[in-house]
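Visitor: Residues per chain, in single letters:
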Amino acid sequence: MNTVLEMKGIRKVFPGVVALDDVNLKLERGKVLALLGENGAGKSTLMKILSGSYQPDDGEIFLYGEKVEIKDVMRAKELGISIIYQELSLCQNLTVAENIFALQEPTRWGLIKDDEIISRTRELFEEFNVDIDPTKMVEELSVSSQQMVEIVKALSLKPKIVIMDEPTSALSKKETETLFEIIEKLQQEGVSIIYISHRMEEIFRITNDVSVLRDGKYIGTVKTADTSSEELIKMMVGRTMDNIYPVKDFKYLRDEKLLEVRGYNKENYFHDINLYVRPGEILGLYGLMGSGRTEIAQGIFGILKKDRGEMFIHDKKVEIKDPFSAIQHKIAFVTEDRKREGLILTASVAENATMANIDKILNKFKLIEDKREAKIAKEHVADLKVKTPSIHQTINKLSGGNQQKVVISKWFEIEPEILILDEPTRGIDVSAKYEIYKLMIELAQKGVGIIMISSELPEILNVSDRLLVINKRQIVTELDPKNTTQEEIMTYIAGRGE
Amino acid sequence: MQLKKIMNNRYFKSYGGVLLALVGLVILFSFLSPHFLRTNNILTIFNQVSIIAILAFGMTFVLMIGEIDLSVGSTLALSSVILGIALSTGVHPFIAIIFTLGVGILAGLFNGVVSAKLKIPSFIVTVATMGIFRGIGYALTDSRPIPITDSVILKIGNNRFLGAIPNAVIVMIFILIVFHIVLSRTKFGRQAKMVGGNKVAAEYVGVDTKKLQVKIFMISGLAAAVSGILMASRLYSAQPNTASGYELDAIASAVLGGTSLSGGYGTVLGTFIGAVIMGVINNGMNLVGMAYFYQQIVKGLIIIIAVFIDVRNKESILGKK
Amino acid sequence: MQLKKIMNNRYFKSYGGVLLALVGLVILFSFLSPHFLRTNNILTIFNQVSIIAILAFGMTFVLMIGEIDLSVGSTLALSSVILGIALSTGVHPFIAIIFTLGVGILAGLFNGVVSAKLKIPSFIVTVATMGIFRGIGYALTDSRPIPITDSVILKIGNNRFLGAIPNAVIVMIFILIVFHIVLSRTKFGRQAKMVGGNKVAAEYVGVDTKKLQVKIFMISGLAAAVSGILMASRLYSAQPNTASGYELDAIASAVLGGTSLSGGYGTVLGTFIGAVIMGVINNGMNLVGMAYFYQQIVKGLIIIIAVFIDVRNKESILGKK
Amino acid sequence: SGDAPQDASTENDTIRIGASLLTQSHPFQVAIKEAMEAEAAGLGVEIDIAIADQDLNRQISAIEDFINKGVDAIILVPVDSDGVMGAIMKAKEANIPVVTVDIKANGVEVDSHIATDNYAGGMIAAEAMAQFLEKAGDVGLITYPEVQSVRDRIDGFKEIADTYEDLNIVIELPGRTREEAVSASEDMLTSNPGLRGIFGFGDDMAIAATTVIGERNSDTIVVGFDGLEEARNSTDADNAFQAVVVQYPDLMGAEGVRNAVSLVRGEAVEKEVPVTPGLYVHGRGFVDVEVINGKVNIGL
Ligand SMILES: Nc1ncnc2c1ncn2[C@@H]1O[C@H](COP(=O)(O)OP(=O)(O)OP(=O)(O)O)[C@@H](O)[C@H]1O
Ligand SMILES: Nc1ncnc2c1ncn2[C@@H]1O[C@H](COP(=O)(O)OP(=O)(O)OP(=O)(O)O)[C@@H](O)[C@H]1O
Ligand SMILES: [Mg+2]
Ligand SMILES: [Mg+2]
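Read top to bottom, the protein sequences are chains P, F, W and B.
One point on numbering: in this note's numbering, the residue at position 287 of the first sequence is 287, and numbering is uninterrupted.
One point on numbering: in this note's numbering, the residue at position 167 of the second sequence is 167, and numbering is uninterrupted.
One point on numbering: in this note's numbering, the residue at position 313 of the third sequence is 313, and numbering is uninterrupted.
One point on numbering: in this note's numbering, the residue at position 175 of the fourth sequence is 175, and numbering is uninterrupted.
Note that these hints are calculated values from the structure, not bench results.
Hints may be right or wrong, so weigh each one.
Below, in silico cross-link-like pairs of lysine-lysine (DSS-like), each with a Cα-Cα straight-line distance of 25 Å or less [to be verified]:
1) Lys199/W <-> Lys397/P
2) Lys321/P <-> Lys210/F
3) Lys211/F <-> Lys360/P
To be clear about the criterion: a stretch of chain F counts as covered by chain B if any three or more of its residues have a C-beta under 8 Å from a C-beta of chain B, and this derived list gives those stretches [claimed, not checked]:
4) 45–52
5) 134–146
6) 232–239
7) 285–292
Note that the Cβ used here is the ideal one computed from N, Cα and C, for glycine as well.
Just chain P, same shape as in the assembly (with noise of 0.2 Å):
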């Protein structure tokens, strides 16, 4: 018998939302299991059902074909369950080490041995070949190296199954190596994963079988091997999709440069930043994890503070002190933590999808119309498919890629000139992703001037018109997307080192 666990019958409703409704799964011995569907679909609810955080409303868990009751964190960890959460889960204020070994701690005469708590997690961190410094505070380090410290904190426990919920959505181009190595160990020791992810050539490089989920119902299992991309987009969409890229016909709208940013420098940050986007221009910046662009991004946006250098829009010159003098000269910013740096969690759909541009939603007295509100925040959710049951639904309780959409849509309100998207297609499925290309081209064809950092190279090279390559915090090369290749990028990377 190689059934490790079964899941039948799941059904879990929240207010407003049917997010499972009869759902089945099963999962053999050493096997890599995706789990696949749109936003909403449920497929972390489902995970969190397994993982002991919600309990279902009805349905039955079976664990080597016996019956389980998983009510809470702590069975599930007995059972040899481990989750990746989808969003980040770790305690800022606690060092790497200290965050692996919570509630595992080691202790003499009822004190941590914080030493061995230590030296164990540099074991652990060389068995899986990641390189960071145990003794760091969480808060000091990059949502990727975050990502990796979760990785490891969730693979400690010597789990029996391992749940990855879009694990590499935060993580750069060598990590997802690194864990795809950490998976192909664990399955030959006989672990089984259930792997979350809206990145296709994951899902063929590494799983053995798919499910999939629409709309919180099971549609169907198929071998990964004899499958094929489109048919799993059909599965998921309930329709089928001939193309993941929209055609944009034209490079730009006229010859000119719209936003120019000259020498810009802020010391540690970013050095000698040379840039320029033309209307309608969609301009790609890729690099690896910790090589500035997001900085880079924040420099521009007034959020990091440069040190030297000149900006020009319209060859105007303009200074950006902040974000507001940035939004006052339209330019927006999608950034890439969308917990931290996005949302109000606090507030309605409405609320987020109006925020950056109160204004529009003022009458002539200046107060705030519900009506106008509704208006725009209905145009969104429709736009790009925001699944909510309601535009007062507040924020938190949308499923991660549906927030995202959100964060991208509020910005639509400034009417923007440049818009910067940091990895804005992060968490975010197949036809939404299509949506977002599409509004981008939209916008292009306005006269937007865009500039796009992804650490998708698919997406970046089919995307964008122009691309710049980054390396350790300088713009290093300039491409042209149509006629270069993957490894010549990588070239400009690993030609540079690390």
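Following the hints, complete the assembly by docking chains F, W and B with the ligands onto the known chain P.
Guide: Relative to the frame of chain P, chains F, W and B with the ligands by itself:
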């Protein structure tokens, strides 16, 4: 179903729980005392509540952005001392009022600037200014009350509008309406809500969070100064030792009314309901003639129960895990 | 460089700022009063500080998990009343002490259960129990102090260990060491830190956050009861009206000592330094003979400055954008 | 707004009195309260007692509630002499007689006022201090400047102290509760090692000073105020506590209720019932005192 429709109404969601608690209390006390439901007593309750309520209206703004203002009682006292001093120099009462409001705003400015610009937690800043403002009030008066004799000022807190509704209640309702609209319907209020929900995200859409914080403390200071004027009038004197401990009542009113202490949620109208609950408890227990110790105990229990009803109500509407 | 090494030391990072503020105050007052630096006065300061400090040690746990306990002053008073009553029934002082500590823990249990299990904000719960516990204290004594005559109890707060160090200081240091170790070195303390840093993450790891919260309020109640015993002994009587307003001093001590009000950061040792700063301010101003109003003003300003130094110090070490 | 009293009389015949007291956290005020309750029980009248917690606004609210409830008479220990005026005027508008106890009301006439003269009491304390110290020496005061009655005592004390050239008040520290008074005493003895006397505005403060002096083996003496049992016992004992000015809260409380009842029944009462404070001295018990024309004579 009709009931379900009501239950799902957005306003019922916001206020349902506290209103329920309030109605419960009113029913309780009208059984316990025949005097409770008389028009005159109702007006008395609103009058008694007015000072705390106005403080709490200002406090709602402060709590909304996730900060706290423990200095409101002291600001109230200082303002009323300033009013007393100004009047005693013989200036026109109108000028004296303007001046007093100015001092209240200035006190708020100080709290706001020190907390926002020097990045000191507002709890600490306002614990400190709680002592500082009161100390200044004592120093200015040598800790003696200043009698208020000006008839205009005395009318504000003691007369009744059209012979029916106490002026203080009119003032309170006026501020209630203005503050409620500002918080729930203006850009400024929306920004405050954003800052309370996620400061970084608010900064990224161009909100100057420091300036906003300063303004919000100024609103709280202004509210305290208005209360200070009402207080001086009601007490026929400016008392430097007045209103100590009122900060906690103001905060409790706001939280009873559904304002979150960690920011992001709250309405001025809810705070008003919260303040009325506190007033009904105090008045009702006095009418019943309950002994002092038991008043303290019962008040505490009622506050817990009222918040519990509200928490339960929100949960049952919003659902839970 | 040597200095840089010191500046980067973990302990300097934690305590550097407050210690700097403390040293500054000590230098200031030793210039202002020739009596300030005498051994006996230093011991007096520690003795005077002991009660607030012990409250603040318990408060540090509560603040660590992002909650607040405003009832500590009332719990202190209630505990000391219980001690007085127990002694007056003639039980052995040892039994009376155990009983008193039990009541303190029970008070904490109530706060913890109501806030954690009923999901009512601890601010509201403890504002309410602040009134409830004190009301009970008044009701039990009919608001009259109970004289304490038992020699064992009187020794606790008034005698000196080996004729030199006041017993209350010994008790304080003992609790300081135990609490510091529990918070910084045990699993329990680590869980508290996790809950304060990221409650959801702590729950995902399997921390029973509710149970933890209950325990933490019990610790705060225990600390208040210990303070209550010292207080009764020091005053030769159990006073139901004692220690009102101490909660703010306790919180201020903890925050001065680097504890964050939003949870996740803080040490008991830091809190101790904070409490000593408060004690030095009070004692120093008394020695100088400063008038009452100015004491309030100056104390407020010093608190702001001390926290500012600490904030600046942390910023300059960690660097900023 | 004048309909309330009639309601009450039609509802039942027992006389109902509302009393608003300064605080419950002070034994002196507790003694007043208990005397009132005892007297009311004896006279067969109902009494409702509300505690203002030293908050004038709360006191006024309590009076308003009494008026709405339709009590027949109101007894007050005013939180503040000036500030209570408005509330008293409201009571008068509603035709409810008002009696003040312990602290008087300014700017408005009440039907009866029963009180110790705190100012005179302060003078007596200073005179006693001067006698014990043979008219010379440094003296410290423990004060509570926020409270009117305490200010009166301190002012009275200062008036007499000023008449003795060598009797110097060198320090005044706040000590609003017994524990604060302990710290204040410690600190004033530290900074003034030659201090010869401490005046505590209340029993708690005097007792606190006495214990601190005892711990330090100093020969400083203490004079107190209020003179309830605990303080008188301490005065009798062999320690620093030499004398205490005695008030008679029980007499004042009882007299207040009696006058209130008389007023309701339409009987005449005395407008002013002054209660001269006494002086209780170590080893002597009560001694004769008299205050005339700003001079104090003590039968020591
Ligand atoms: N706590 C909650 N309260 C209310 N609704 C919820 C809650 N959690 C999830 N939902 C809803 O349940 C549905 C499924 O959400 P879930 O997070 O499982 O989606 P997902 O498949 O993981 O999507 P994504 O790819 O965007 O992460 C969504 O419609 C979401 O809005
Ligand atoms: N000391 C720190 N404290 C908090 N966050 C940090 C710290 N150092 C780096 N980070 C964060 O880590 C992230 C990654 O670093 P960086 O921004 O330099 O790389 P990047 O090119 O933007 O890469 P990516 O977009 O893949 O994260 C950034 O978002 C940065 O804000
Ligand atoms: Mg998900
Ligand atoms: Mg980045």
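Visitor: Hint by hint, which ones does the structure fall short of?
Guide: Hint check: nothing fails, all pass.
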